Amino acid sequence: KAGVTQTPRYLIKTRGQQVTLSCSPISGHRSVSWYQQTPGQGLQFLFEYFSETQRNKGNFPGRFSGRQFSNSRSEMNVSTLELGDSALYLCASSLPSSGSTGELFFGEGSRLTVL
Amino acid sequence: GQQVMQIPQYQHVQEGEDFTTYCNSSTTLSNIQWYKQRPGGHPVFLIQLVKSGEVKKQKRLTFQFGEAKKNSSLHITATQTTDVGTYFCAGDPNTGTASKLTFGTGTRLQVTL
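Top line first, the protein sequences correspond to chains A and B.
Start counting the first sequence at 1; every next residue gets the next number (this note's numbering).
Start counting the second sequence at 116; every next residue gets the next number (this note's numbering).
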């Protein structure tokens, strides 16, 4: 069974640009969560999608957005990039049950550097 | 909002010594999960604890969930160099609708020979 696939793995952008990251969950997983990981802040929850609907959202500005497609693949977008957006963006898929998150299966991440 | 803190932030041990990391949530949890992230890698699920006072073992790893379901610990007996990494707890409040898994700050473990 293929794991969670994230693309691109590495990217460099400049301030003010926008970026789109993609995540393909494990087959059959309908929940996709996104996390931002930085050395100082640890793993910060961005948002969770389930069946194409955003179920939950973390405390990030509106520049961070996401969506999920009917095949459960998800994308996140960051507009007007700032230096502080440099981070590892992790996507995780899960089989949620009874409203709880369930075990998360993480992808390798997309490492974004903003210059 | 919910906060999950872990202590210590960093621990350096010699191989064979024991190691413990503690996780404390500001709110009562439905369940708690533990993850390990090797240097340069991504978090990998270790275990989930659901019941108050639950204790689970995986070889040299022992996980505990507090009676009040607000704290948890991970204890590693006789550490090995393969234990190197950052250990995260993640609390699930399970409000009954959509849950938001909140990760702890992590404890980085370094093991030397």
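Derived from the structure by calculation, the hints contain no laboratory data.
Some hints here could point you the wrong way.
Said to hold, decoys possible - Partial list, derived from the structure: chain B residues whose beta carbon lies under 7 Å from chain A:
hint, residue
1, H157
2, P158
3, F160
4, F218
5, T220
6, G221
7, R223
What the hints assert, rightly or not - The list that follows gives simulated cross-link-like pairs (lysine-lysine, DSS-like), each with its CA atoms no further than 27 Å apart:
hint, chain 1, residue 1, chain 2, residue 2
8, B, K151, B, K171
9, B, K185, B, K174
10, B, K174, A, K57
11, A, K57, B, K172
12, A, K57, B, K215
13, B, K171, B, K185
14, A, K13, A, K57
Nothing here was measured: the structure is a model prediction, and the numbers come from that model.
All C-beta atoms, glycine included, are put in the ideal place defined by N, C-alpha and C.
For each hint, the structure was consulted:
With a cut of 7 Å, the hint placing H157 (chain B) at the interface with chain A holds, because the nearest CB-to-CB distance is about 4 Å. The restraint placing P158 (chain B) at the interface with chain A holds, with a minimum CB-CB distance near 5 Å, inside the 7 Å limit. The closest approach between the C-beta of F160 (chain B) and any C-beta of chain A is roughly 5 Å, which is under the 7 Å cut-off, so the hint is satisfied. At about 4 Å, the closest approach between the beta carbon of F218 (chain B) and any beta carbon in chain A falls short of 7 Å, and the interface hint on this residue holds.
Because the beta carbon of T220 (chain B) sits about 5 Å from the nearest beta carbon in chain A, less than 7 Å, this interface hint is met. For G221 (chain B), the interface hint holds, the least distance from its beta-carbon to any beta-carbon of chain A being 5 Å, beneath 7 Å. At its closest, the beta carbon of R223 (chain B) sits 10 Å from a beta carbon of chain A; the interface hint therefore is violated under the 7 Å criterion. The suggested pairing of K151 (chain B) with K171 (chain B) holds, with an alpha-carbon distance near 16 Å, which does not exceed 27 Å.
Between K185 (chain B) and K174 (chain B) the CA atoms are separated by roughly 25 Å; this keeps the pair inside 27 Å, and the hint holds. With a C-alpha separation of about 36 Å, the suggested pairing of K174 (chain B) with K57 (chain A) is violated against the 27 Å cut-off. Note on K57 (chain A) and K172 (chain B): the hinted pairing is violated, with a Cα-Cα distance of about 33 Å set against a maximum of 27 Å. Taken as a hint, the K57 (chain A) and K215 (chain B) pair is honoured in the structure, with Cα atoms around 8 Å apart against an allowance of 27 Å.
Proposed proximity of K171 (chain B) and K185 (chain B) is supported: the alpha carbons are some 17 Å apart, at most 27 Å. Of the supplied pair hints, the one linking K13 (chain A) and K57 (chain A) holds, its CA atoms being roughly 25 Å apart against a limit of 27 Å.
When the structure is compared with the earlier hints, violations turn up for hints 7, 10 and 11 and for no others.
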